[in-house]
Amino acid sequence: MIEATDVRKAFGKAVVLDGVNLTVQPGEVVSILGSSGSGKSTLIRCINGLERLDGGKIKVDGFDVSVPGQLAEARKRSGTVFQLFNLYPHMTALGNITLVPMEVLKKPRAQAEAEGRALLASVGLADRADAYPAQLSGGQRQRVGICRALAMQPRYLLLDEVTSALDPEMTAEVLAILAKLAEQGTTMLFVTHEIEFARQISNRVVFLEKGTLLVDLPTKQFFDPAGGLAQPRVAQFLSKMRKTENP
Amino acid sequence: MRYADFTPYDLVLLLQGLGVTVGLFLATSLIGILVGTAWAIVRFYRVPVLTPAITFLAELLKNSPVLVQLFLVFFGFPAFFHLNVTPVEAATITLSANTAAFVYVIAVAAIESVGRDQIEAARVFGLTRWQVLRHIIGAQAAAFSAGPLVALMVNQLQVTSLISVIGVMDLAKIGANLNMRTLKPFIVWTVVGILYYLAAKLVATIGARVENHLRSHSAFRGL
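Chains as they are written, first to last, in numbering that gives the first Met the number 0: chain A, 0 to 246; chain B, 0 to 222.
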């Protein structure tokens, strides 16, 4: 379980997270919506320990990310997929995936590579194992990024706008894989601008606005005129996003 | 035959001088690269006290002439530390330290050239600082620094000629002796120049090969 309690984070005078409470249960797919600058990415970066909290607590399976001794355990339980892929350019697709299992879990190379190849095959990249990131398309890179996160068999997958840097075709490639993962019961915390997709795969949708959780509802209720849409800010955001999705 | 004529043995002397030059160059480059890289790693770990001390030392070494450093070591060590140093020892200490200072600058820039995003991706998956340095930063920093490092090496090869002033029998010193004996500066210094040129060219060629190898992951081959 990921538990965020009264999380506060400011960069200088800019308050980015202002008392966020969020719980993600194993097996849940939770989408985080909100406009740019609402704190979505920062929340993810607080959960995986890339940003230090200014207040509140985040626990991953009981391990407090603010306690140095517990951060490593918390990080082992979650895998992050980044908006801009953040692959290691000097390593092949397979090398990107096997590095951490070999270094952190001390898996033998043969085993790590067999598992890596199986992961690549599952995202349709079996034949690209030896390609360097520069030789892959954006969609392919992000699929490698997903494999890299999955290689550690994380309990929670943290996805930070993973399709924002991709064109619609490549976005579809990546979303198909995420849908498959959701079907298999992978727990996901999913920052996205893909409203329709969020609606299809998530159990719950939360809406962040200026660093606070404005809405936290099961998906169906979130998109219900009497539920989440009753919030004027949510309705306004969704109508704007729909316009850009179907101009 | 007059004493001022060239003899076949002069060629042997010149080659011996070239051997001393190349030998000192290789030894001081190796020491300089190891020490400079070690300093950069100390800085990467932000070791207190040691990091500012290294930065200060590197600044001193970078911003003063090698010749001055050479005299300070050769005459200063015996005077202040009661350590007698031979010309070769003084040359080794000075050139190694000087190379280390420049390697330090290159290595620091190379480490910092590796994107923060990659380091975050590595930390998030639980790699330690050392594992990040070794697997993520190391290879890319090496590729980044290869070009500047080769340029530095070519320059340091020429700088070794300064050590002739404290009596090391390197290529420049042999050249100076030959010149004094034969009084044919244009011939002597042309030959000496060609030998330096060939040695430098060899360093640059090997360096370019290594650089290409290190950059093999990049699909971009230049315009």
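It cannot be assumed that every hint is accurate.
Stated by the list, open to error - Which bits of chain A does chain B cover? Going by a derived footprint, with three or more residues having C-beta under 8 Å, they are:
(1) 51-57
(2) 95-102
(3) 167-181
(4) 233-239
Unchecked claim - Below 25 Å or equal to it, Euclidean Cα-Cα: the simulated SDA-like pairs (lysine to any residue) are:
(5) K75(A) <-> K219(A)
(6) K12(A) <-> G55(A)
(7) K75(A) <-> H134(B)
(8) K56(A) <-> R1(B)
(9) K75(A) <-> K200(B)
(10) K219(A) <-> S34(A)
(11) K179(A) <-> R232(A)
(12) K183(B) <-> H212(B)
(13) K200(B) <-> H212(B)
(14) K75(A) <-> K183(B)
(15) K58(A) <-> R122(B)
(16) K172(B) <-> T85(B)
(17) K61(B) <-> I92(B)
(18) K56(A) <-> K61(B)
(19) K58(A) <-> R128(B)
(20) K12(A) <-> K200(B)
(21) K106(A) <-> K172(B)
No lab work stands behind these hints, which were simulated from the structure alone.
Where a beta carbon is used, it is the ideal one built from N, C-alpha and C, also for glycine.
Query raised in the report: Going through the earlier hints one by one, which of them does the structure break, listed in rising order?
Result: Hint check: 1, 3, 4, 5, 8, 9, 11, 12, 14, 18, 20, 21 fail, others pass.
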